[in-house]
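Chain A is already provided as a structure; the job is to place chain B on it using the hints.
As given, the protein sequences belong to chains A and B, one line each in that order. Numbered continuously in the numbering used here, the first sequence closes out at residue 167. Numbered continuously in the numbering used here, the second sequence closes out at residue 167.
Quick caveat, the hints were computed from the structure, so don't treat them as lab data. Certain hints may be false.
[Claimed, not checked] Residues from chain B shown here face chain A by an in silico Cβ test under 8 Å; the list is partial:
| id | residue |
| --- | --- |
| 1 | Gly-24 |
| 2 | Leu-48 |
| 3 | His-109 |
| 4 | Arg-128 |
| 5 | Ala-132 |
| 6 | Ile-136 |
[As the list claims (entries may be wrong)] A few chain B residues facing chain A, derived, Cβ under 7 Å:
| id | residue |
| --- | --- |
| 7 | Ala-4 |
| 8 | Thr-5 |
| 9 | Gly-8 |
| 10 | Ala-17 |
| 11 | Ala-22 |
| 12 | Ala-49 |
| 13 | Ala-50 |
| 14 | Ser-58 |
| 15 | Thr-59 |
| 16 | Met-121 |
| 17 | Ile-141 |
| 18 | Gly-144 |
| 19 | Tyr-160 |
| 20 | His-161 |
| 21 | Pro-165 |
| 22 | Ala-167 |
All C-beta atoms in this analysis are idealised placements derived from N, C-alpha and C, irrespective of residue type, glycine included.
Protein chains: 2
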Amino acid sequence: MTDATFTGGDVEAFKQAFRRHAAGVAVITARDTDGRPVGFTATSLASLAAVPPLATFSTARSASTWHALENTDHVAIHMLGSDNRVLAEKLSGHADDRFVGEHWHEGPHGVPILNGVTAWMLGRIVERFHVAASAIVVAQIEEGALGPDSAPLLYHERAYHAPRPLA
Amino acid sequence: MTDATFTGGDVEAFKQAFRRHAAGVAVITARDTDGRPVGFTATSLASLAAVPPLATFSTARSASTWHALENTDHVAIHMLGSDNRVLAEKLSGHADDRFVGEHWHEGPHGVPILNGVTAWMLGRIVERFHVAASAIVVAQIEEGALGPDSAPLLYHERAYHAPRPLA
Chain A
1 MTDATFTGGD
11 VEAFKQAFRR
21 HAAGVAVITA
31 RDTDGRPVGF
41 TATSLASLAA
51 VPPLATFSTA
61 RSASTWHALE
71 NTDHVAIHML
81 GSDNRVLAEK
91 LSGHADDRFV
101 GEHWHEGPHG
111 VPILNGVTAW
121 MLGRIVERFH
131 VAASAIVVAQ
141 IEEGALGPDS
151 APLLYHERAY
161 HAPRPLA
Chain B
1 MTDATFTGGD
11 VEAFKQAFRR
21 HAAGVAVITA
31 RDTDGRPVGF
41 TATSLASLAA
51 VPPLATFSTA
61 RSASTWHALE
71 NTDHVAIHML
81 GSDNRVLAEK
91 LSGHADDRFV
101 GEHWHEGPHG
111 VPILNGVTAW
121 MLGRIVERFH
131 VAASAIVVAQ
141 IEEGALGPDS
151 APLLYHERAY
161 HAPRPLA
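With the rest of the complex left out, here is chain A (with noise of 0.2 Å):
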């Protein structure tokens, strides 16, 4: 067997090496300058460490989010669940519709919080690693609640999944 091999300036291999990898879906919110709710789903959400309590995630520096992300000192981490999907496709449609609708309270420093899902987390900013056109953030974990316990909700080939077992 020959792999087909490609160079580092072909971004569309690049995609497709990378759409080869599954990911969860977390949704990211917290308030912009003008205290208004902002959120975006992340598919590169992952625990840094447990003592003391980090997660981290990226996002281009384009994204409408960054600006209230760079000006802000908490963000909720939500884990959905695959009964979330709705919740998913509402966080990741246009901006302005994001936070119409009841799917969602205001937590701790006023960050939105969104109903239903399998986790959420209150994490305060700790770090933001510029690298090119994109910014890696850190957050210490303050709190969180578990919410109920389905099955995750995963993206993958540009569509939602849930894990099944491996025999």
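What follows is chain B alone, placed relative to chain A:
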């Protein structure tokens, strides 16, 4: 419904929240300062940007492979498929046994490349951000290859899974 709340000092709750997140399984490999192949499974791999092609992953700086990552320029990042479970188990087993066998070959810059993965990418390390006792590594992709197109391997609730499309 009242969610079960927790505080930032509750390590078990933090871990439980992250167990509700599923992640794709990647393997990172490199050569250590003595030229020996090293590698580990990572669930923190994410695409950071496509132009330039940047990938990020994190690790504890107490990990046996950190010394190699701190002292080398190049790493290989492998996406694992559901057919690669044995490979995942091997690369998360005892450090001395991870490269005993015919499951890898020498790639560009001498970096170990695992055979039969769904994709691999050679990256030049461009950033190492230290946060508490962990590090976030950013690599710029210089070349790579797409292998067999099997479903991605997932890690969730301390077991391997594959994705199933949501109806």
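Structure-based check of each hint:
no.: 1; hint: Gly-24; verdict: holds, 4 Å
no.: 2; hint: Leu-48; verdict: holds, 5 Å
no.: 3; hint: His-109; verdict: violated, 13 Å
no.: 4; hint: Arg-128; verdict: violated, 11 Å
no.: 5; hint: Ala-132; verdict: holds, 5 Å
no.: 6; hint: Ile-136; verdict: holds, 6 Å
no.: 7; hint: Ala-4; verdict: holds, 5 Å
no.: 8; hint: Thr-5; verdict: holds, 4 Å
no.: 9; hint: Gly-8; verdict: holds, 4 Å
no.: 10; hint: Ala-17; verdict: holds, 4 Å
no.: 11; hint: Ala-22; verdict: holds, 4 Å
no.: 12; hint: Ala-49; verdict: holds, 5 Å
no.: 13; hint: Ala-50; verdict: holds, 5 Å
no.: 14; hint: Ser-58; verdict: holds, 5 Å
no.: 15; hint: Thr-59; verdict: violated, 9 Å
no.: 16; hint: Met-121; verdict: holds, 6 Å
no.: 17; hint: Ile-141; verdict: holds, 5 Å
no.: 18; hint: Gly-144; verdict: holds, 5 Å
no.: 19; hint: Tyr-160; verdict: holds, 5 Å
no.: 20; hint: His-161; verdict: holds, 4 Å
no.: 21; hint: Pro-165; verdict: holds, 5 Å
no.: 22; hint: Ala-167; verdict: violated, 10 Å
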